[in-house]
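Trainee: Please model the entire structure based on the sequences and the hints provided.
What follows is the residue order along each chain.
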Amino acid sequence: MPGRRKGILLPLAGVVVAALVLGGVLGGGAGLLTAEPRGGTAPLAFGDGFPDTGDQYLPGVTLSLIVDEWMKKANSYTCASKPGEPDTWSRAKRWMRCLPPGGDDNRYVEIEYDAADQIRVLKATCRLGTREDACTTLFATMADAALVPQPELRKRAMDWAGKNAASERGTVIGGVRLQAALSPHSMRITPEK
Amino acid sequence: MAGRSRWILILAAGLAAFLAAGAGAYLYARDVRAGQVTQSCGARDCIPGVEAAALVEALKGRGHACENPSKGAWSCQMVVGSIAFQSWVHVSDGGVHRLTGKVFHADGGPLTEAGRAYLSWFAVLPYRDDPAAAAQIRDWLTQMIEADKDTKATILDYTYVLVTSKDDAVELDVRIST
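Going line by line, the protein sequences match chains A and B.
Counting in our numbering, the final residue of the first sequence is number 257, and the numbers go up one at a time with none missing.
Counting in our numbering, the final residue of the second sequence is number 433, and the numbers go up one at a time with none missing.
These are calculated hints, taken from the structure and not from any lab test.
Just to be clear, a hint being listed does not mean it is correct.
Said to hold, decoys possible - For lysine-lysine, the following DSSO-like pairs were computed, each having C-alpha atoms within a straight-line distance of at most 27 Å:
hint: 1; chain 1: B; residue 1: 315; chain 2: A; residue 2: 157
hint: 2; chain 1: A; residue 1: 146; chain 2: B; residue 2: 315
hint: 3; chain 1: A; residue 1: 227; chain 2: A; residue 2: 146
What the hints assert, rightly or not - Computed footprint of chain B on chain A; a stretch qualifies when at least three of its residues, placed anywhere within it, have a C-beta under 8 Å from a C-beta of chain B:
hint: 4; stretch: 84 to 92
hint: 5; stretch: 143 to 156
hint: 6; stretch: 170 to 181
Ideal Cβ positions, reconstructed from N, Cα and C, are used throughout, including at glycine.
Mentor: Quick look at the structure:
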């Protein structure tokens with residue numbers, strides 16, 4: 065009897081151990097190959113609100129709106145365009161400067177843009193004096209022009225610019241930042257998201 | 256007779272052991288793989304399923320200009336008015352082992368909605384397939400931004416470092432915990 069038991073135990077143990085190892089390796093391998101890691105199958109989708117190319121530009125504002133409608137028609141300013149400086153903050157491809165009649169450079173408007181319908185920055189500078197009406201008017205009419213594509217906000221923007229022309233304050237109206245500065249006395253208009 | 260039944264017994268036991276071990280190992284391996292939110296890339300671990308080149312291309316498609324001055328990391332940037340959206344994509348063997356997003360507001364305004372969306376997109380990138388984990392991370396980020404304090408947290412497999420104390424900037428660094 066003891067001889068028989070020994071006779072079955074040895075091969076039984078051998079076969080079971082071999083089967084366990086083989087099963088474990090094959091099963092484990094199959095498991096690793098067939099399952100996907102938890103992260104990493106979804107494509108790189110951007111959700112709503114992630115900044116996009118179009119956000120870099122003032123919504124709806126075009127060069128002709130600013131230059132032809134506001135600068136030339138209303139104020140007889142003349143504008144000249146140049147390639148943008150590569151190290152400007154906005155990285156705009158083009159840059160335009162508009163001066164009032166007579167070439168008086170105490171007042172001027174700068175436009176930083178990539179294309180006629182891609183305006184990045186509008187900036188008016190006025191060195192006539194912080195409380196000077198001409199400066200306040202320039203800033204307020206610029207705010208008005210920048211909000212032409214959002215007619216219901218025009219008056220609000222114009223009023224804000226008029227009231228805060230001689231300050232360092234800023235506000236955001238309809239996705240557009242109006243930022244006043246005192247040295248030099250200026251108003252800058254940019255998109256904000 | 257006795258010899259034959261002995262071999263049948265041994266074979267049956269072997270078969271049972273093979274099946275049990277195979278099934279167990281299969282289920283265990285699947286579980287490990289499915290719970291894994293990193294994947295190896297060269298000598299490091301990376302965010303699974305994200306190729307650095309594809310990520311950089313995606314950012315370019317959203318208006319970023321990207322450059323790769325140091326080989327190890329891409330730096331991408333986009334300017335919206337007075338806000339600069341910046342990101343750094345740290346590369347190992349084509350994968351991404353670390354991500355940094357930063358929103359700088361030159362006029363000192365508060366973090367905008369797009370700014371939040373920007374940082375949270377980087378934060379949930381490793382867990383974009385897992386709505387529950389993504390929601391947990393977004394909630395954490397929102398709370399920390401509200402609290403306006405520098406924080407470091409380990410969430411699941413990743414370490415997040417949020418810095419709000421730098422002037423006019425909020426920065427979030429995402430890397431795999433070691």
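Trainee: Which numbered conditions among the earlier hints are violated in the structure presented, ordered from lowest to highest?
Mentor: 3, 6
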